[in-house]
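S.K.: Starting from the structure of chain A, add chains G, X, V, E and Y where the hints point.
Chains as they are written, first to last, in the working numbering: chain A, 1 to 274; chain G, 1 to 274; chain X, 1 to 274; chain V, 1 to 274; chain E, 1 to 274; chain Y, 1 to 274.
Read the hints as simulated data drawn from the structure, not as lab findings. Possibly wrong hints are sitting among the right ones.
Here are the simulated DSS-like cross-link-like pairs (lysine-lysine), alpha carbons at most 25 Å apart as the crow flies [claimed, not checked]: (1) Y:Lys162 <-> E:Lys29; (2) X:Lys188 <-> G:Lys188; (3) V:Lys68 <-> E:Lys29; (4) Y:Lys68 <-> X:Lys29; (5) Y:Lys29 <-> E:Lys162; (6) E:Lys84 <-> Y:Lys162; (7) V:Lys162 <-> X:Lys40; (8) X:Lys162 <-> G:Lys188; (9) A:Lys29 <-> A:Lys68.
Since we're looking at a predicted model, the values are computed, not measured.
6 protein chains.
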Amino acid sequence: MFEIERIVRLALHEDIGQCDITTQATVEKGTQARAELVAKEPFVLAGIEVAREVFLQLDGQVAFEALKSDAEAIQKGEVLAWIKGGAGSLLQGERVALNLLQRMSGIATLTSQFVAAVAGTGAVIVDTRKTTPGLRALEKYSVRMGGGKNHRTSLYDGVLIKENHVAAAGGIAVAIERARSRVAHVMKIEVETRDLQEVREALEAGADIILLDNMSVAELDEAVALVDGRALTEASGGVNLETVRGIADTGVDLISVGALTHSFRAVDISMLFQ
Amino acid sequence: MFEIERIVRLALHEDIGQCDITTQATVEKGTQARAELVAKEPFVLAGIEVAREVFLQLDGQVAFEALKSDAEAIQKGEVLAWIKGGAGSLLQGERVALNLLQRMSGIATLTSQFVAAVAGTGAVIVDTRKTTPGLRALEKYSVRMGGGKNHRTSLYDGVLIKENHVAAAGGIAVAIERARSRVAHVMKIEVETRDLQEVREALEAGADIILLDNMSVAELDEAVALVDGRALTEASGGVNLETVRGIADTGVDLISVGALTHSFRAVDISMLFQ
Amino acid sequence: MFEIERIVRLALHEDIGQCDITTQATVEKGTQARAELVAKEPFVLAGIEVAREVFLQLDGQVAFEALKSDAEAIQKGEVLAWIKGGAGSLLQGERVALNLLQRMSGIATLTSQFVAAVAGTGAVIVDTRKTTPGLRALEKYSVRMGGGKNHRTSLYDGVLIKENHVAAAGGIAVAIERARSRVAHVMKIEVETRDLQEVREALEAGADIILLDNMSVAELDEAVALVDGRALTEASGGVNLETVRGIADTGVDLISVGALTHSFRAVDISMLFQ
Amino acid sequence: MFEIERIVRLALHEDIGQCDITTQATVEKGTQARAELVAKEPFVLAGIEVAREVFLQLDGQVAFEALKSDAEAIQKGEVLAWIKGGAGSLLQGERVALNLLQRMSGIATLTSQFVAAVAGTGAVIVDTRKTTPGLRALEKYSVRMGGGKNHRTSLYDGVLIKENHVAAAGGIAVAIERARSRVAHVMKIEVETRDLQEVREALEAGADIILLDNMSVAELDEAVALVDGRALTEASGGVNLETVRGIADTGVDLISVGALTHSFRAVDISMLFQ
Amino acid sequence: MFEIERIVRLALHEDIGQCDITTQATVEKGTQARAELVAKEPFVLAGIEVAREVFLQLDGQVAFEALKSDAEAIQKGEVLAWIKGGAGSLLQGERVALNLLQRMSGIATLTSQFVAAVAGTGAVIVDTRKTTPGLRALEKYSVRMGGGKNHRTSLYDGVLIKENHVAAAGGIAVAIERARSRVAHVMKIEVETRDLQEVREALEAGADIILLDNMSVAELDEAVALVDGRALTEASGGVNLETVRGIADTGVDLISVGALTHSFRAVDISMLFQ
Amino acid sequence: MFEIERIVRLALHEDIGQCDITTQATVEKGTQARAELVAKEPFVLAGIEVAREVFLQLDGQVAFEALKSDAEAIQKGEVLAWIKGGAGSLLQGERVALNLLQRMSGIATLTSQFVAAVAGTGAVIVDTRKTTPGLRALEKYSVRMGGGKNHRTSLYDGVLIKENHVAAAGGIAVAIERARSRVAHVMKIEVETRDLQEVREALEAGADIILLDNMSVAELDEAVALVDGRALTEASGGVNLETVRGIADTGVDLISVGALTHSFRAVDISMLFQ
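Bound conformation, chain A alone (with noise of 0.2 Å):
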């Protein structure tokens, strides 16, 4: 997570601006300080690094301990980390490492109950360029930690010809055939479809992925069936935690769910001092 430092130095520059004037007015210089980060609620953690970042970058005396690694389910009342040094630090750093932290671990939380719905099935959660402008790395990168994986990044790490640009081009076929002329062979060619006619034309063109989109459970067993595995099928569109079994049932590859990192709840945590 290369992009841990840029994030954060952007997220205390926009909270603090020129300098925090209650800290400065009311905590005494050299006033020291001890605080614990706690679930207020049962979660997915993700981000405890960013948070230790947050402190550190504000005040390189602090002494943060992380209690509990990225990735584990955490408990209501477990402490996540504790946090020591100046008061004003800690003050400072509070809201932004909050603000990460709960956003993080609410998309790993989230994409948990997902996994968790499919397991059993040898479908795969993934996630989708909906994210928070800004904050992609960070989103994806919570993703992985609640037991999902990573779509593409951005537009140039993966072809994936939607609806737009098969029009643009004149049809599914020479769409693809295009990109394969076009693009060498390290990359795989994904193509969106919405019916079966669409999946029989990517499969005939030589698709190596294909999204079957907004499809009935019904359509993706047919188009499932019609595959047969000569590409792999991801299911997108109406996915959420009621549907998303029965779809994982019909025994597509991947599942992506853009809910994961566009409607996901901030967890609660706090930040309390001793």
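M.R.: Just chains G, X, V, E and Y now, with coordinates in the frame of chain A:
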């Protein structure tokens, strides 16, 4: 919103990276396209100019016509804007524009629900610093579009003495006194209190605003009566769409709601190519 | 002062560019040196930690011991700090450290003279937005070190309705009313007035702070009497070390002085190699 | 002045932050305004294009017409430029534009006074590295607008062997010799001297320029006679508007004046709305 | 090529610094000029839009007309583009434009020679990560203009298990297995092998692509026969214009050539003023 | 080399992006490794501290011990440095470190060959502005490590009047005269000439350095005789390892060689894991 340019630039850089290999591989240079942004559900709009900026940064030749304005209530099926230009530019901007627009409108929509819930009381709905790191300016703007108001933006544009500052200072009175002597009186001084005893102390020490944290409606009633207009009162903690009306009815001046920016849901908007 | 790192980095980059060819050409690698920062005149110190940052950014091996603290009154000939380390690093940091320290101390010194001039009155000396572009955080800090207080930092952390806003809004009353209805009451609303009639309007419209711009001492007297504690009063315009006492004696609460940051004189400090 | 864009962007970001809440609260969207920049005292203009950049960065629709050019002598009451456009944009740019224009013109004006004082002698007024951190490019430009010339811009575009380099190298001769052997002769080598003995050494070692530091007029006379055209001579230290003519009359080639950029006074310019 | 703006900005900043003193000193403001970019030798063009960006960033008034397109084979003496505008802008942009255009076209030209050398075989010429730091996006683009294809762009858009990863994991099989279980199958897994035994292991472990590193043509023959279409094969190491045809004739699918970006020669292009 | 930090940061960001998925997938956290940088051919070293910076930016726990210094002649098989630390950090830094080190040493090596070729003549080998965009500081440093010297770094640290400036000014004499009157004489003035007539003009106009562009050895002989020590002479154009000795023997003072930075070959260095 002076920050728009920077945020959009960062988001595009993150999403596109070095190039969009799919578009480059499948869409012939020079292909033109026309698309519309369509509401898939009702919501309060925020971010239409941000969406415009996305496409214009990618390609100065794109024409973007907004049909709706921020703060407007949108019905399902309504068209928010038309976009016309190079098909590649439209395809590349789609995800970033939607990622921003859906989140911003989600915040405006949630805010408008809180504002509606307290209609007729004197209470004002305000936001908190619990915003997404890197996007605070856009999120605070979205709160305004939803009819809320903004609390302080960062640690240096307002004095808010929290429980931990009080602890570090050694009491509410001394904390307020220090703030008074070190901060010019162009700023109001706000103090967090947890019970009536602390409210009394804050009042005696001359606080301008008294934050009533995590109090029951009964306690809020008492606190408001105790303060009796000698300071502004702000309720926080445990505020949701079920509880907010009862809180407002106690007569508090302000109600701060962290959920506005940490527990909103992205609204559903599509970009449809014609 | 979260901005120190960024400002120092920029200043070093600007001054050194790609390398210091003189030092590189004349000083053998590994040569050690020791130097002291010496006051060549009496002043109030501001910026000693900024000077430390300059040398540490250049070379983590440099030892910097501050003998004086910011806000301290320094006598001519006193040593502010010792610096020990690679001769090249000391030579490269000298100019940037002095450029910052001399300016910051110049501001603190001038501020302390204004503060002394109003001693015993209730008036508080505050700064303005007339700061050097790029250095506002350091300059506002220096004002505090000289005993002054800070007015708003930038356009978004305070409402100050100036003559031109009044003109655009169509009158003082309507401008204040709009501000009231659009800005949360966590912020005070300040209005600029040019005569007693405007003071009266501002008062009736419920301004929290009334800026009395470019008024004579006689007018200030009348204005203060008129306001009679129902709002804070702030004098501005034509304030200098000769006039400030008379202004303070009128009983205004605040006196804002642009000269603190636009007409200070850099104090004289030398870096002497031993 | 390739740096203008960056400096203006930084200055606007610093001054406006996330939004101008006063303008937003009091001025209706779409309100148009017209203003003029007016000289409140006589001065030499510098920075009119920087002022234009301020308004154009804020709003590409603003019309800015410069009536005066940099380097021009301005009379009290003259209009420097007209600005027309959205009232909000004009109000937001006002302070930053004035902060830059007043400082730059202050430098140009002070420089022009030094240049006038030495008129008729062969001496050239040059600046130093004692500039405001972050603004060097603008300040050196302003010196040129005032009729001065620029000494080296940063540590890598000129060799200037100062007292401390000499000490570290072990003597003037060895320092010059090292510089000769390590730096291509496309650059002149300048050496600081404190007395006639050092001048002699520098001359014998083949310095191209001899800096005569803190010498009296009598010493300067002797030094110039001693050098006798075999090197350029530059006087520095103790130079002010009272002493500069006497120094110039000694026949030195260059007079470097730190005060040009560290002790100038911002000139008085107003932005008047019509 | 979303990166063009950033790279050009950096390059101009580096080359011009604070101002072009020669142009400023010798060319009168307002002087117009016209120049053409002329090929001094035959080559494959890449970067003509980058050259345009250089001049437009300097001066929005410059007219730049490209007469040739990227990927086109250029003859000695042909004119690539006309440029018309302020003489100062043309003089300032000349070196940066040529530095970029000559390098990019050098890469395209060398790539086209490799591509020509393997014509008729099925082998595809691909690049590596051995690119110039900071210019990867432009260099990979230039490879495409020369008829090559791009291998992965950076460490996160492809799995390539090299010898050292194998060593750290404890064997080819375990390394592939770990990658399979941790990375979504939207990505192909490539493994570096050094001999037939390793090829066999990689094949059994289910690698998608087998990198045959530094093998002789005889070994490549055997390896291709062994793989027999069950995975893609890629040759690397010891590839130059003499050896590449023999390597391609073994039937490998891909040949990666570090030299494309680390050992190209800048082509000769002049900017001639009329 | 103040720029190292920035360049390395950019290069790592470019190469790693959001994470190294291969290392993450195949190497267990906590695995330690030890590697050495080994010369695969003889060369002159440049950049060893840049390589150190790469690994330290990635991971402050890595130990890097340099066994060779910049400017040293290295034999094939010699170890340049040892690196010890987390296997992941070593694997992630490998390519960036080699990309920089191989290029820098390539420049130093080529420069040393030119310097050796002119040994015994008085001619100095200098570089040009034909450097790789973004890497100029490192490349100019590498030239010094190879025994060459640096010509001006960018457009503002030296006056070099080229053919096109002369054309725009209307003649060599007027161009030099303008430069004299506008630039402080701390800088030398260099003029490009194409024949003896122009050399004569430049000499009469008082140029400090005369650039003899693209002249034959016979013309250079005549030009040097004509100048006869009244100005420095610099040869440029058509300089390669075959021609440089003959050029130097004409007695020119400087020989500028664009090839040093635009036509070097990256040397071969490996990072071997133990």
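S.K.: Indicate, hint by hint, whether the structure satisfies it.
M.R.: Cross-check of the supplied hints:
no., hint, result
1, Y:Lys162 <-> E:Lys29, "17 Å, holds"
2, X:Lys188 <-> G:Lys188, "7 Å, holds"
3, V:Lys68 <-> E:Lys29, "16 Å, holds"
4, Y:Lys68 <-> X:Lys29, "16 Å, holds"
5, Y:Lys29 <-> E:Lys162, "17 Å, holds"
6, E:Lys84 <-> Y:Lys162, "19 Å, holds"
7, V:Lys162 <-> X:Lys40, "20 Å, holds"
8, X:Lys162 <-> G:Lys188, "20 Å, holds"
9, A:Lys29 <-> A:Lys68, "31 Å, violated"
Checked against the numbered hints listed earlier, the structure breaks hint 9 alone; every other hint is satisfied.
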